[in-house]
Every structure is written in structure tokens, then in C-alpha cells.
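Given the structure of chain Y, go ahead and fit chain E onto it with the hints provided.
The listed protein sequences correspond, in order, to chains Y and E.
The numbers in the numbering used here rise by one with no breaks, and the one at position 34 of the first sequence is 34.
The numbers in the numbering used here rise by one with no breaks, and the one at position 69 of the second sequence is 69.
Bear in mind the hints are in silico, worked out from the structure with no lab data behind them.
Please read these numbers as outputs of a predicted model, since none were measured by experiment.
Careful, some of the hints might be misleading.
Heads up, simulated DSS-like pairs for lysine-lysine below, C-alpha to C-alpha not over 30 Å straight-line [as the list claims (entries may be wrong)]:
#, chain 1, residue 1, chain 2, residue 2
1, Y, K99, E, K46
2, Y, K98, Y, K116
3, E, K534, Y, K99
As a plain string of letters, each chain reads:
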Amino acid sequence: MGRKLLLFTALLLATAAPAAAGPTRVVDLAGKPVDPLVLRAGRIATALVFTTTDCPISNRYAPEVRSLAALFEKQGIAFTLVYPVGTDTAAVVREHVKKFAYSIPVVRDTAQELVKHTGVTVTPEVAVVGAGGAVLYRGRIDDRYLEFGRDRPQPTERTLERALEAIVQGKPVAVRQTQAIGCYLADLLK
Amino acid sequence: MRITALVFVFLTSHFSLLASVAAQDVTFTRDIAPIVFKSCVSCHRKGGPAPFALTTYDEVRRRATQIATVTRSRFMPPWKVEPGVGHFVGQDPLSEEQVARLGRWAAAGAPQGEGALPPLPSLPDGWLLGQPDLIVKPARAFTMPAQPNDAFRIFAIRLPVTRRTYVRGIEFHPGNARVVHHANIRIDRTDATRKLDEADPLPGYDGLMPRSAEYPEGHFLGWTPGQVAPLVAPDLAWALEPGSDLVVQLHLQPSGAAEQVLPEIGLYFSDRPPSRIPTILRLGSQSIEIPAGEPRYVIRDAYTLPVDADLLAVQPHAHYRAREIRGTAHLPDGTSRLVMHITDWDFRWQHVYREVTPIRLPRGTRLAMEYTYDNSAGNVRNPELPPAKVYWGQRSRDEMGDLWFQLLATNERDRELMRTQIATKMTIEDIAGYETMLRVDPKDAELHDDVALLYMGVGQMAPAVRHFEASVALKPDSAAARFNLGTAQAQAGLLEQAVASFRAALARRGDYALAHGNLGQVLLAQGKTGDALKHLQEAVRLDPANPQALFGLAEAYAASGSIDLAIETIDRAIKLPMPEALATRVVARREEYLRRRPR
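Same shape as in the complex, but just chain E:
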């Protein structure tokens, strides 16, 4: 023991001697500037997204110890993925030698050295992807007050496009790098986000993004400092419909002073529709329920590819209690590879990780995710102390766990199979999310309504009926709640109950056209033609432009033997726009009526 210790002392002193010799010749000009200019200044420059610039000797010298500290801890450059996992766009970690060199330089007093500096990379002040085809920003700046804690703000920004436009990418400018830490970006084809934005007197609003704020089909949007997603190839551009809003959720970190926040987004268009559309797979759990103090809570999910596909990008998402993020591709040949691995998850660095070269995943590949959470006081990022039980939810104080994959079916004709499967899988998980929120808040009628609609979408009528019943119990005076319940009951084959629900809806609102229409159709199915005719006539009188009601009325006329009236009515329906499935039925029934018309 004693001898070992002696040797150790000798080695240490010898080593520090070497280090001090080396330190003398570490200079900014020769040894440090090449590192900083290559790995730091793309963000740390005037007008860049970082809070201070590192473009001159003086700027770097003034933070020498800090630079040594944050590169040693690997906080900077920000790159959360474990070494050896993936080969991503923008992946440029410092080598051990570079980190050591920065440390020696700081310890030696940050000497400048002599000679010429290497050239600064040329970084345009404006748009890194070139002049955008369209630049948008919120109508007014939001003033973030001087407050101690982080804030979130959602803006709905009108996109002035008058016809379907194809988009190759966007570039996000935070506007105020001192406070804007990252941005979640979505597209809302409805006015749901805009209404929430308008309801708040200040610019933007604080809350949740509505379900209708979505990624464009097959593509991720978003921004973290230093990340500029390259434009996609023109044959992968995504469609932007007129009337859509760009939805931007900003994660704001306080600067200590009141700050003006006005981000700017540039959009880059393609002149033609895409020939291929990627598919977004979301793995994860929305049943998260972590006991207070639980230091190790694990969620898992997996999906097996039904077709060959290329993996283009991966995006992990979780809130503050997640610690380890793991995504694995189990290939059909029995091998597996990590496609994502983060051991020190930080909510603030939610990169989209884009593969430099897409990874080919053969049919039968099982994509799996495993996230580990720490809800104990030992997790310094735990937002609640003492720790409290936490459920799945979208607010930052709730917890989430998603691993998103951007997949491109190798054969475009295979895409629909994969897309449909994934849509169903994700809807089932969304349903789990609603059930979790309802465990927390069982008296929220809107949650019952939303989840019931999702159940109907996947053909599960019994739970849909159950949730609409709960909604009726919470809103006994609402005609709409009775109508929804009746519709679900009708689809579940519970015709008697459906009739009772529609009559209850009409008792609360006599001029409820949809309730008359659906009631008429159920009565018709029960063979009660006379009563059916009465309600369908009323439905058409109240809303003459509803093809469904007109079709129902035509059917009632046909059932009561008035075939001429049936034809006249179905001809009115046929002139109206309607979903394709309904149109097919309408055309077929019209042929049938014509055959039955007495000559």
C-alpha cells in the first residue's frame, strides 16, 4: 500500500510538471481560436442565438474559466446524445484533447499568443438558409416581465397563403436570444389556437396547444439554439393549406429585466407537390403516473414496421423528471442498434436529431423506446419539492414521454399501410392520455367528449357511449351532450336508447337540425317510417344544405313508397359537397330508386 502511494505521488508531481510546461505554450491564437471559431461562434456571435459572443480574443478571455468548466462538464457545445449513437446533422462534439486544451489555457491565464488569428467562419447576420419566400411574425411583441421563473407563451400567426403551398423548411429567429430558449412549432388548420390567442388580451397566450395544432404530415418542426434544420429535398416538401396558422410555443427563460419577445419565422417554398411523404411514428406512454419520491419509473413502448423504411430523424420529448432516454431498433436479423440514447435528459435541449444518412430499417424491425424518470427530491430538475405524484399531461408540471421517428417507406405504395397502422396506434395512446387526465379530473366534461370521439374513431362504441353518458351527467341541460350520446348509442346498435337521447336533445332545443336528422334515421331503421319522415322533413327544413339529412329524407320517402319524392330529394343531395363514402352510397341508392320508379 505504502509503495503504491509513493509511486502515485511521484507520478502526480511528474504529471503536473508536464502539464505546466504544456500550458505555457497553449495560446489563443494558435490553439484556442480554431476550436472556438469552429464549435462555438455559430451561436456565440453578435446577433446569434447565444447570450454572449465569443468572436474575439477579449470576448473569449473574459470567459476562459467558464469555457473550461462548461466544456469539461459537456454542457457546451450542447449535445445530449451519448457518444457513438447515430450520426446526426450538427453533431460536432469536442474531443477529449480539445477539452483538455481549453482547460490548460484557462489555467495558464488565457494567454493571447502571437501571429494571425484563423479566419472567422462567414456567418450571415440574417437568414442562414437564404432569403425566405415568406417571413411572418406575431402581430405584436410579448413583454416578458422581470420574473424569477421560466414562462411559456403560445402565438397563432396567420400565414397569408391563398392556395395550397408546398414547404421545404422554415428558419426560426428567436428575436431575443436572452430569453427565448426553445420553440415548439406546429400548424393549425383550424382557428382553435387563434381563438385561444385572441381570448388573451396580451400577445400570445399561456396554456396548452389544442389538438388541432399538429406537425405537418410526415415532418417535424421546432427550434433549439444552434439548430437550423436543412431544407428537405423538393420531392419531400409538405403541404400548407390556405387559412392555416403557424403555432409557435416559446419556452422563455428570464433575463432579469423586462424583455420584448418577437420571434420571426421564414418559410421556404417548393414549386411542386411532393412525390413522397414521410410518416411520423410516436412511441411512448400517456398512462404515466409516477408516485411521489419514486426514483426510478420506467415506461416502454414498441412498434414493428410492416414495410421497409428509412429512418430520417428522431425526436425525444419529455419534461423535467425524465433522466434517461433510450431508443432501439431491433432488426429482423437479431441484431439491434441504439438510435437514441441520452443519460442526462434536459427539457431545454429538445433537438430534432436528423440522420446524416438515412438508416435503412427492413420490414419486421421493432422500434422500441424506454424512458426512465426520477420523481425523487434527488432529481435537481424536479419542479415540485417535496415531490408530488405526477400524471401524464401536456403542462410542463405534468410529465410526458414520447420518442418520435420520421420514417420514409422505401416503396411509396407501402406507405398507406404503415400510415394507417401508426395512426390507429397513436390514437389508442391518445385515448390512454385522456383516460389519465380523467383520472386526475373526472369532472371535465370536455375531456369525456374528446375521448369519446377518439373511441368512435377507432370503432370502440361501448367506451364512447360510457364517456358521453358521463358528459351528459355533468351537463344535464346540454342538448349537444344528449345528441352526442344518441349518436354513439345509434352506432353501438342501441337504437331504443338512441331515440330517447335524441328526444331528450330536442326537448332542450327544438330546432336542433342534426338531432332531428339522426332521430329520423334511427326511427327509419326501426321501421317507424311515419315518425321518421316527420323528423327528417324538419331536419331538412332547418338545414336545407345538409346532404346527410337530405339523403335520410330520400330514404324515408322511398320507404314510404313516395319514390318520385325520394328521387327529387336525393337529386338535391347529390348537388352538395359531401364525404366520398356518403357520395358513393347516395349514387348507388339513386340508381336503385330509378329502377323502382314505375314506368
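The shape of chain Y in the complex, shown without the other chains:
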């Protein structure tokens, strides 16, 4: 048991390591480079919500993302929308943000630096990063979707919300990684 724990810590450090360099090509909608892995003052973590403008499942989660952001911004969690696909240009993203009434900060990650750092594979998928860029949670928002065409009328587990609650309370996140269902980034990034 002790040995496993040690290994685990080592892995954590390894994940956190690349953040030292930091992304260099992530930009906001004005084209200005930004680094969402650096926590702003007073924030304890950042939820990076990866999305693509033409992914129906990702879009369907917009109201849920907005309400989680409203709930947790007050508790020290920053929310940032991340658009990792090149065809989602600044103009396309601006339109999308307006249509889905997002009011949280937006970045474009068209070199997929944040994708690689966090290991997300689909949209919508969320990575919660803490100090030093450590990934505290990665995966689905909730368990509404089991697979394409098979979803629950309402979620039975609000996975992201549970993770954020733990982080706010300074407790370890019980479920650190889940499989999100959505549009595969691998196809979009080819």
C-alpha cells in the first residue's frame, strides 16, 4: 500500500512537470497569448471546459456549464472555455459564445497545448487544474450520457460538481478521472 502511494505521488509530479514551461500559443479572442494554467490571485483551481462549436452534446451542456461556473466562481474556482480546433476561428467562437450565452473567459488552444497537458480526448470534457498546473480532475461533467444514443433523463452523478466541492473544501478528489462522451478530438485535429 505504502509503495503504491509513493508511485502515485511520483506520477502526479510528472504530470505537473510540463506546466513549468507553460503553454505559449494559447490565445484569447483578441489573439493575445494567455496561460490559463497560472492561477489568478485568490483562485484555488481552474476548470478548463473543452468545447467545439459544432458538437451537439457539448453545446447541450452549455446551461449546465454556465450554472456550475456561477456556483463555483464565488468559491474560488475559475472557469475557462477552451476551443482546441483550428476551424473554430475567433469570429466563429465569438458567435458561439453569444449564441450559448457564455460569460466565462474564452481561450483558443489551436496548437492543442492544453489538450496535451490535460489529456482530454473529447468535447465536452473538463480538466480542473490546480497550482502548478496539476490536473486535479479530468473527464465528464456528469453521467447523463452513457454512450451516443443512450443517455439518462437526468444525471445520477454530478461528477464535476463533486470534484469541485472536494477541491473547494481542500479534500482529495475521490474520482479523479472519468470517461467523457462526446465528439472525438482525434478526428478534429487530424
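Below, chain E alone, put in the same frame as chain Y:
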């Protein structure tokens, strides 16, 4: 054991070697486009009912893994019926080889390949069935708010036809494919749906369709993505009466943003009345009552055809807890065949399954249905967690279980026998549905009224009286409730009680013409001619255009010996429109009066 394992390893590695060789030469141009263009683009195109297009290499490449996933799970193309059951219009499942090919292509990185693409099928942007004779839509668009959950919305759309019109079919355009998932469509010859629509300040309303919103006689209406019901032959067109509304219930799935919803419906007319009318049979149970957590709850129903008939189409209907749908035709020769079988029922894909070639079912064929429900937490589609007891009902949180058959009597003269039998069978099941709703809500007076009327329709007066009594107890001040009770009591032969009920109705509303009329007729039957005459005169004074009251008054005059007055009164009745059964009696009685007139 060890040897087997070794062999297995060898085979696996050998196999993956083959697969990777094959993968290299799976290209979009040669291998994938023919599948996608044949089986996907009829919906996945610009302006189509699917949420995104798959008409170019780039569009398909961007969803390669998703396509491989959803075709492997058979979520797409959407076809819920088990292989080997029926031969339906639009049935075009992918072969195992095609599914495997899509998977290999995605795994190989979705290569484009070289050469020319196969041509895209030509799909008009507008009406697939051609220019409609009439296009209607709701007066205003409904704005679906950005919300996490599904919604339902019912619209009553006025159909501007001024005379009886015959319809060969409709085409439904969702207007907003991002949110409109499917549509239930009915015709309401009354203003019941329209009143509900108007009562809601927003376009359409959320709730139930009234009973008067029905399928046109003998035909299904409805829409699921990708389904365009072909026009029926002109000799099968259905009659649309002037003043009818088209009732459209939309199942809306959220897109994440506020969305405008304005569907459009095209109607296609026939220039002549039908020579044949199909009959709709509904099998099922309205006594559904599933305990919380019950993982396997089964309902069954059956009907034996009294005549030879052709099966034209089948439509299953159930809500979220149904899992397996089974419909079987047991033929008189002892054989049977599945006519519907779905093992993973999904409320969202309620197709009407139309047979390419009608199935001949000889007289004596037993059509049977069996549905299985899972009301446990293990059913991911269960809308209530923790699971709760669920009853039959039409709201999506209730449960239903219907299997509809469209049957065409082989000989048109046989149709009436089958139609009457089926109408009675379905009314009896409707009654069961009301009794179920009353178990949930025993204090709903309107449910008591409705079910009492259904009981009267099938000649069961005792339960009709019982339900009207319950209604009176719930609405003691209502004159109408007393009147209804009196009418049922009179038909049940309970004349004394009927008199008391009508008098109670009149005590609450003195100018209640119908109550005076019915009371007069009961008193007449009791031989109390003088009192009867008084009430029937009052009924006619209050409503001079009611042929039933005039006839009753004529009978009272005849009974009291005033034959000239009886003739004068029945002559007034005879000029009024009235149901055929009453007209026959009126004419016969008039002859009788004339014979009795002193010369």
C-alpha cells in the same frame, strides 16, 4: 489450457496484422463515401433533420471515430427492429462488413484516398413528396429556453379547408432540427385542442392531447427523423372535415441555446373519396401499474381477426421504462410470425413501420402483443430515481404500452364487422385507462364523468351510474352532474332515482332545458302524464330547436289524448336535423298518430 492460450495469442496477432494491412487501403473515396452517401446523407445534409451534415470528406472525417462508434452500437442508422423481422419501408441497416469497414477507416486515420467521389444522391432541399396542396404552420414560433431537459409542446393548427377534403399524406418539416426530435400528429374535429393552445399565452401548450385529437380513421400520422411516409394510393385517402385542426405534439431536446421552433406541415390531397378505409387496431394495456424497482413487468393483449385482412403497418408506443416490444401474428394454420420485435426500446424513435408488401392475415389470425418494462434503477432511461411506482397515463413520466396495427379488410363489406368489434375492444381498454387514472386521482370529477360516458357507450349502465354518483359527491352544487346521473339512472331503469336526480338538477338551475326534457320523458314512462307534460312544455319553451324535447312533448300530448297537438308538435320536430335512429322513431310515431286521429 496453456496450449489454447498460446494458439489464441497467435491468432490474435495474425489477425491484427491482416487488419492493419486491410486498413491501409480503406479510403473515403472508394470505400466509405458509398456507405455514407447511401445510408446517412438523406438526414445528415444541410437542411436535413439530423444535427450535422456528412456530405463531404471533411465533414465525415471530422466525425470518423464517432461514426465508427455509433454504427458499431447500431445507434445509427436509427433502426430499432431486430434483424429478420418484417420488411419495412426505409429498412436499410448496414451490413456487418460495412460497420467493420467504417471502424477500420476511422482506426487508420480516416484517409481520403484518390479519384472521384461517387455522386451525392439528389435530395431536394424542400418537399420530398413534391409541392404540397396545402402548407400550414403554427401562427407563431415557440421559443424553447436553454434548459437541461427535454420538453413537449402541443400546437393546434387551423386547417383552412372549407369542404370535406381527402388526404393522401403529409410531410412534416421540423423547422429546427437541433431541437425537434419527433412529432406526434393528430386531427381534432372539435375545438378542444385549440382551446388548450389558446389558454397558454405562449405559442402551443404543454400538457395532454384531448381525446378528440385522433388519428384520421384508418391511418397513422407522425414523424421521426428520416421518416417520410409515402403518399397512400388515391383509393385509400382519408377524409378531412372543415373546421378541423391539425394537432402537432413536438418532443423537443435541448440544444444548449434558446431556440426558435416553427414546424411546417405539407398536406397532399386526393381528388376523390376513398373506395376503401383501413381499420386501426390498438392492442395494449391501460391497467399498467409497475411497482418501484420492478425489473421485469410484462403486459399482454391479443385480438383475433373476424375477417381476412392485410397488415399494412405497425406502430409501437411506450414511454421510458419499456425495454422489449413484441408483436406476433398467430396464424390459423398453427404457425406464427413476429411482426414487431424491439429489444432495446427507445422512446425517441417511435417509427411507424410500414410493410413494403402488405401481409395477408387470414380470418382467425390472433394478433398478440407482449411488452416488458424495467422500473429498476438498472434501466438507465428510468426518468425517476430512486424508482417510484408508475401507473398508466399519457404524460411522459407515466407509462404506456400500445401496439397499433393498420389493417385493411380484404373485402370492404367485411370492414364494418371488424371496425365495430375493434371499437368496442378499444373503448373497454380506454375504460381500464380511466380506472387506472382514478386509482391515482380518485377525486378528479372530470375523469369520473369521462369514464361514465364511455361505460354508457358500451351499454354498461351500472358502472356509469356509480361514476356519476362519485362525480355528484365531488361536485354537489353542479346541476350538470345531477343531470348526468339522472340520465344514466334512467337508462339503467332506475326511474325513481332518475326523477330525484333531475329534480335536484332543476333545484340548482331552474332553466335547465335538458333536465326538464329528460325528467318529462321519465315521468311519461312512469305514467305521470300531467307532470310530464308540464316539464316537456318547459323544455320546448326553453329550447324550441331540440327535436328530442319536441318528440317527448308530442308523446306526452298523445298520451294525454291531445292527438292534434301531438301531430302539430311532431311536425315541428321533423323539420329539424336529428340523429338517424331518432328520425326513424319520429317518422314511425307520426304515422301512428295520424292513424289515431279521429276522422
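Against the structure, the hints come out as follows:
no., hint, in the structure
1, Y/K99 x E/K46, "20 Å, holds"
2, Y/K98 x Y/K116, "27 Å, holds"
3, E/K534 x Y/K99, "72 Å, violated"
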